[in-house]
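These are the residues of each chain, in order.
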Amino acid sequence: MGGSDVSATLFALLYYVATLLLVVGVAMKLRRYAKAPAPLKIPTMPAPRTMKGVYFRLLRETVLFESLFKSNKWIWLFGYLFHLGMLVVVLRHFRYVTYDIWWWLELIQPFGIYASYLMIIGLIGLLVRRFTVERVRYISSPSDYLMLVLLIAIAGTGMAMTFVQPVDIIAVKGFFLGLLRFQINPLPNSPMLLVHLALVAGLMIIFPISKLMHGPGLFFSPTRNQIDNSREKRHLAPWAKKLEE
Amino acid sequence: MASLDMNAEGGPKFVGDPLAIPKIKCDSMEDLESYMAHPKHNTDLGFPGELIDNWKEVAIAKIGELAENNRAFQVYLDTCVKCGACTDKCHYFLGTGDPKNMPVARQDLLRSVYRRYYTFAGKNFPWLVGARDLTREVLDEWYNYYHQCSQCRRCSVFCPYGIDTAEISMAAREIMNTIGMGQKYCNEIIAKAKTVGNNLGLNPKALRATLEDLEEDLEEETGLSVRIPLDEKGADILLITPSADFFAEPHIDGLLGYAKVFHEAGVSWTVSSYASEAANFGMFIGSYENMRTLCLRIRQAAEDLGVKRIVFGECGHAWRVAYSFMNTLAGPFDFLDQDYPIPQHIMEFTHDMILKGELNFDKSKNDHFRLTYHDSCNVARGAGMGGYEGGQFDLPREVIKACCNNYFEMDRDTTHESTFCCGGGGGLLTDELMDLRIKGASPRMTAMQQVTEDHGVTHLVAICAICKTQFSKVMPEYGYERESILSVHQLVANALILTGQTIDEDTAPEGDGVATEVNS
Ligand code: HEM
Ligand code: SF4
Ligand code: SF4
Numbered sequence: 001m002g003g004s005d006v007s008a009t010l011f012a013l014l015y016y017v018a019t020l021l022l023v024v025g026v027a028m029k030l031r032r033y034a035k036a037p038a039p040l041k042i043p044t045m046p047a048p049r050t051m052k053g054v055y056f057r058l059l060r061e062t063v064l065f066e067s068l069f070k071s072n073k074w075i076w077l078f079g080y081l082f083h084l085g086m087l088v089v090v091l092r093h094f095r096y097v098t099y100d101i102w103w104w105l106e107l108i109q110p111f112g113i114y115a116s117y118l119m120i121i122g123l124i125g126l127l128v129r130r131f132t133v134e135r136v137r138y139i140s141s142p143s144d145y146l147m148l149v150l151l152i153a154i155a156g157t158g159m160a161m162t163f164v165q166p167v168d169i170i171a172v173k174g175f176f177l178g179l180l181r182f183q184i185n186p187l188p189n190s191p192m193l194l195v196h197l198a199l200v201a202g203l204m205i206i207f208p209i210s211k212l213m214h215g216p217g218l219f220f221s222p223t224r225n226q227i228d229n230s231r232e233k234r235h236l237a238p239w240a241k242k243l244e245e
Numbered sequence: 001m002a003s004l005d006m007n008a009e010g011g012p013k014f015v016g017d018p019l020a021i022p023k024i025k026c027d028s029m030e031d032l033e034s035y036m037a038h039p040k041h042n043t044d045l046g047f048p049g050e051l052i053d054n055w056k057e058v059a060i061a062k063i064g065e066l067a068e069n070n071r072a073f074q075v076y077l078d079t080c081v082k083c084g085a086c087t088d089k090c091h092y093f094l095g096t097g098d099p100k101n102m103p104v105a106r107q108d109l110l111r112s113v114y115r116r117y118y119t120f121a122g123k124n125f126p127w128l129v130g131a132r133d134l135t136r137e138v139l140d141e142w143y144n145y146y147h148q149c150s151q152c153r154r155c156s157v158f159c160p161y162g163i164d165t166a167e168i169s170m171a172a173r174e175i176m177n178t179i180g181m182g183q184k185y186c187n188e189i190i191a192k193a194k195t196v197g198n199n200l201g202l203n204p205k206a207l208r209a210t211l212e213d214l215e216e217d218l219e220e221e222t223g224l225s226v227r228i229p230l231d232e233k234g235a236d237i238l239l240i241t242p243s244a245d246f247f248a249e250p251h252i253d254g255l256l257g258y259a260k261v262f263h264e265a266g267v268s269w270t271v272s273s274y275a276s277e278a279a280n281f282g283m284f285i286g287s288y289e290n291m292r293t294l295c296l297r298i299r300q301a302a303e304d305l306g307v308k309r310i311v312f313g314e315c316g317h318a319w320r321v322a323y324s325f326m327n328t329l330a331g332p333f334d335f336l337d338q339d340y341p342i343p344q345h346i347m348e349f350t351h352d353m354i355l356k357g358e359l360n361f362d363k364s365k366n367d368h369f370r371l372t373y374h375d376s377c378n379v380a381r382g383a384g385m386g387g388y389e390g391g392q393f394d395l396p397r398e399v400i401k402a403c404c405n406n407y408f409e410m411d412r413d414t415t416h417e418s419t420f421c422c423g424g425g426g427g428l429l430t431d432e433l434m435d436l437r438i439k440g441a442s443p444r445m446t447a448m449q450q451v452t453e454d455h456g457v458t459h460l461v462a463i464c465a466i467c468k469t470q471f472s473k474v475m476p477e478y479g480y481e482r483e484s485i486l487s488v489h490q491l492v493a494n495a496l497i498l499t500g501q502t503i504d505e506d507t508a509p510e511g512d513g514v515a516t517e518v519n520s
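As you go down the protein sequences, you meet chains A and B in turn. With this note's numbering, letter number 131 in the first sequence gets 131, and the count goes up by one each step, no holes. With this note's numbering, letter number 392 in the second sequence gets 392, and the count goes up by one each step, no holes.
Isolated chain A (complex conformation) (with noise of 0.2 Å):
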């Protein structure tokens, strides 16, 4: 029982660093950008007239991708497929911080073996392309293979759990029902399972300070959030006013 003690211990405290640099990173880069006055009217034209106008293109572009579908069919498609099955995922994971599960986790339930055939499709047509298409070879990093690759290793371990290894998922979820009331829980000693969860705190720990930030920050894309009334109406930032004093 020592080494799966060790490890339930240091996995404790890694979800603990990694929760704290998620939320309070993530929250320090929101504040940032609410922050930073937009000094001037630039939404890409034709715009919204109403601000209920741009909730529904903000939502158009975040549940439908809609620019990204009008200019590349190849990367909606596969981008598309990535973040639905990554949703699905997610959410069905819920059902290891919570007591009683939820009417709607149930209902997606059956759907979350299939949410993870898509994200993993995604995710590798997104490589691939990555790979072979030579404008997009052109503008990568490292880290953007690598991003991508981390994902992939996050989705292939937990359907390895499903399909390959079982791990025991009433223990995990007691682990982490623990850690909500600051216990640390027996953690099954499954390398598998270690693996995954240690991949997807890197992902929490590298979310604020990445790219991955991109999903918060479309909500603060002036080209995106602001409405066509420049005529009507006058939009000065605070240190534009200080130039008429």
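Source of the hints: derived by calculation from the structure; they are not laboratory data. Treat the numbers as computed from the prediction; the structure is a model and nothing was measured. Wrong hints could be hidden among the right ones.
Chain A is faced by these chain B residues, among others (derived, beta-carbon under 8 Å) [to be verified]:
no.	residue
1	69
2	70
3	99
4	116
5	118
6	153
7	323
8	332
9	334
10	386
11	388
12	389
Quick reminder that beta carbons are idealized off the backbone N, C-alpha and C, glycines included.
Assemble chain B with the ligands onto chain A, guided by the hints.
Showing chain B with the ligands alone in chain A's frame:
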């Protein structure tokens, strides 16, 4: 008339695909450098005359300052996922194949430096995230490639987060100006507009003489006293139009069109010699202050002349500044008549008149043209018209169709919000960049060649002074005559029959080779 060397009678298609993606040709445009500004022009704009000694520190600090003062800059530097969706959207990449002209790669020239000095990963693991030190080579690369971006915003339409490379390139130019590395073409022009009142440096006397000549031409043509008033206090409308409208073809014919429409509408109007320029190159160099100074001149002129309305002539980026920024920069315009849009576009004015049925057209006067319309990027993606979403696409087309019979659309992937830049916008309309301008025009020209082949289109119509000048220069490279570019209000002028006008056989004025060498 266009004289395109190709089979117009159903022969095999020779025309390419305007969206065709070229093979990558690394660094093929590396040596194309626009002239640097004279120290005097930099200092006129409030920048150091020459590259300062501690340029590196100042540039790095400026990046941080911009990130704090401009949300777009900050968010766009952070959020690009390098998905590659924008890589084939820039006309300069399509035309040159130089990968640094792919929007994301253009952003990366600056992003790599931002990452090196402002992000955890870039500070500690530069090789991992493509971060690099700011060196003289990097600075030169900035100078060249940020002056190969016309700030047309086509990339921002297609980016999933709306990342607008124009914002990055404006910021980059501002950083370069801050350390004394301005571009001659832009800075010289801004200096002129700030002192003389227009980009051409045309003084009030010369302007008056020009306008009087034009009035005579109008009187000769119509038999009526159609006026182009200058500095007339108490006029209702102040017309702000690109100075190219005062003397270059086909711009002038557009000005005659405005004059006829105003005449027919029976409104009193005037041009101002103090603010005789719609263009605002302050936008191209990303300088809020310079843009504001130029807008304040317009406000000043409106106040001094006591007008009730401001109407803008045909100019793309000027309309973006006017529509999207002017209220913020120089408003509130509470001294103007609030019943009209402030400012109003001449297209809105003419369109209104057409809707009210007050303009009488003889469409056949334009029958010798077979036309297509070029959506200018700053009107299409940077401004609006008509007070509703997408009005900037409908109004010009409706006006054209009201006064012409032969109108055809180009490929939808190259018009409306997806329009291709003419290749000369954003402060690149200068001779030393001609190679880039010709190559950058190729997607638009290819789309036009398609409609020439399919429908025998002969002429291109636009509502931007830069587009007009650029096309009259580059169209010959694509098998068209330089007179194949027209103003929308030129078509209006041709077809409009004024009340009480004497009609002779052929009144359609055509291009007669007046200088097109203009700066606006
Ligand atoms: C509101 C939430 C989000 C939206 C709207 C969004 C949207 C997008 C879009 C449009 C792309 C570009 C196309 C593509 O390559 O798929 C993208 C890429 C990417 N997203 Fe997201 N995303 C969101 C959340 C996330 C989250 C939470 C993660 C990871 C934990 C993530 C990871 C990625 C990665 C790694 C890429 C790059 C794919 C590549 O390398 O080609 N996204 N995202
Ligand atoms: S489309 Fe947007 S996110 Fe994708 S590479 Fe281009 S700038 Fe980056
Ligand atoms: S703004 Fe226009 S010119 Fe500049 S990178 Fe984007 S598409 Fe190219």
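Going through the hints against the structure:
1. 69: At 6 Å from the nearest chain A Cβ, residue 69(B) passes the 8 Å test, so the hint holds.
2. 70: Holds. Min distance 6 Å.
3. 99: Cβ of residue 99(B) sits 5 Å from chain A, so the hint holds.
4. 116: At about 12 Å, which exceeds the 8 Å cut-off, the nearest Cβ of chain A leaves the hint on residue 116(B) violated.
5. 118: violated, 11 Å
6. 153: Nearest chain A Cβ about 6 Å off; hint holds.
7. 323: This interface hint holds because 6 Å falls under the 8 Å limit.
8. 332: holds, 6 Å
9. 334: Hint violated; residue 334(B) Cβ to chain A Cβ min 11 Å, cut 8 Å.
10. 386: With Cβ-Cβ at 11 Å, over 8 Å, it is violated.
11. 388: holds, 7 Å
12. 389: Residue 389(B) check passes; min Cβ-Cβ to chain A is 5 Å, inside 8 Å.
Hint compliance for this structure: hints 4, 5, 9, 10 are broken, all remaining hints hold.
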